[in-house]
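*Asks:* If you read the protein sequences in the order shown, they are chains A and B.
Number 2 in the numbering used here belongs to position 2 of the first sequence; there are no gaps in the numbering.
Number 1219 in the numbering used here belongs to position 219 of the second sequence; there are no gaps in the numbering.
Derived by calculation from the structure, the hints in this document are not laboratory data.
Be careful, since some hints might not be right.
Unchecked claim - Some but not every residue of chain B turned toward chain A, in silico, with C-beta under 10 angstroms:
{"hint": "1", "residue": "Tyr1005"}
{"hint": "2", "residue": "Ala1014"}
{"hint": "3", "residue": "Phe1043"}
{"hint": "4", "residue": "Phe1086"}
{"hint": "5", "residue": "Leu1108"}
{"hint": "6", "residue": "Arg1129"}
{"hint": "7", "residue": "Thr1164"}
{"hint": "8", "residue": "Ala1181"}
Even glycine gets a Cβ: it sits at the ideal position worked out from N, Cα and C.
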Amino acid sequence: MSEYKVQFEVFEGPLDLLLYLIKKEEVDIYEVNLTKLATQFIEYVDLMRQFDLEVAGEFLVMASTLMYIKSRELLPVDQQVVVEVEDEGEDPRWELIRQLVEYKKFKDAAASLQTLEERQENVFPRLPGKMEFQSEAEPAKPEVGIFDLLNAVNAVLRRFQEKTSGQREIYEDKWTVSEKMEFVLKTITERATVRFSELFERAANRAEVVCTFLAVLELIRLKQLACVQPEPFAEIEVSKAIAPAEPMEVVASASEAGVQSEEKSVALPPETTAAEAEEEVEDEEEYDDDDDDDDEDEDGEEEEADNEEQKPK
Amino acid sequence: MELKYILESLLFSAQKPMSVKELRDIFANAASEENAAEEAKAFKKIKEDDLVPALEQLAAEHEAAARSYRLACVAGAWQFVTQPEFSPWLRALVGVKNRPSRLSQAALETLAIIAYRQPVTRAEVEQVRGVNVDGTMQTILERGLVEQSGRAEVVGRPALYSTTPLFLEYFGLRGLEDLPAADELRRIPIEKPVAPVTADAGLATVPPEQLRLDEAPAKPEETPASPSEPAEAS
């Protein structure tokens, strides 16, 4: 009896139990005597009850199917036909055998999966370490954040602040961001790295500085520019982004960038007063915010820069 | 330079299993480098279809050499792995491999049915196993071995389940065609025998003599009036 108890725990369902019973009989599934099997199956279900095991509904369904098959056998052959074809169209015996064969195949497949599982547990992949000689490239320089850039441009703007204190000058506003982008791209193509302040050396006034700065920001957003600080507190250096862009692509995206910024400046005519240009500045930056979350806080910082600038006036 | 040995060097040094596509990209990149060697340029236009036979040949060579490691393709990616029999020492080397507990019999059966019959609904799995599979499905879904892959276009639109790439990795399989006895179990319905194998399909006991009709005396299964004949012919 206790031997049976152990077996019950292993059965995965009525089909499993049936397969076990067939195996015990040592016959082929196709040749099994279902009538005899039905008797044994029901004995087991009874046994499960005796052990107070919860008899799952599936076992009862199977027991009733087997009882049905068994009851059919009691009828003369010709009477079976009538019941059979009209009711289900499929011989329940065949249906059960088919189900058993199918289940048996998957049970075997599960066994081979288990073998694979155990095998794979003992397989170790080769995981080579990182190759050290690859890092001959210069050590990565600290990345420059948006605040570093704003501080740098603030320093540039201070130059004009001192000049213009006391009086106001009105300039013809003839710079556009797209022009400046071309200028910056040309400068960094000619020379590998350019100091940040060099980009603003020839700027005549505040609006031009703002325009150039926007061009720099836009190029960073388009991943055309890289800004690095060689060491803490050193001046920011601007260089071409190390993106895996081939020369052809750079040209393509540069012109594309030009188109983009031109589209943007359609909203405001390129020739605007300095004040309007500043408004444009902010618009542009808001536009950036939409595209790129990295540029967050930009507006706030720029306003601060503006405020600082307004104070002495 | 022979292709298979280039591949061997790449897989020897690779940090992770390499798919054929990744390997092809490496060939393309090596050829398009500035001042690339002539030899590298020769393989610039190599196709994935050319790489697979080379990889297989390489794997066969390693297998034939009976080394402690072999070249394996798991879930479509190639890598060098050790042979299982060396695991006692490797386990000591890398520490205990942090592997989740083994799958239960029920989980393995359910997985097998999904693997061979995918995409498959829960009801179809239950039909084959003859039991409710809610619990086991939950387990293998949580383990990431199967995933919901869509819905069947039948009444109620039940979810369809398929195995994941992790399933292939877990069992060290190259692909679904690599499953044991795949051609037999995948999709092919179980053939109904043309004629019953035994005297009467599934019924070894002969009905009692007195219940039998006169027309069907000795061999009931051969008579045209036999009950099982019409059903099985259809």
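*Asks:* Under the constraints set out in the numbered hints, which ones does this structure not fulfil?
*Replies:* 1, 3 and 7
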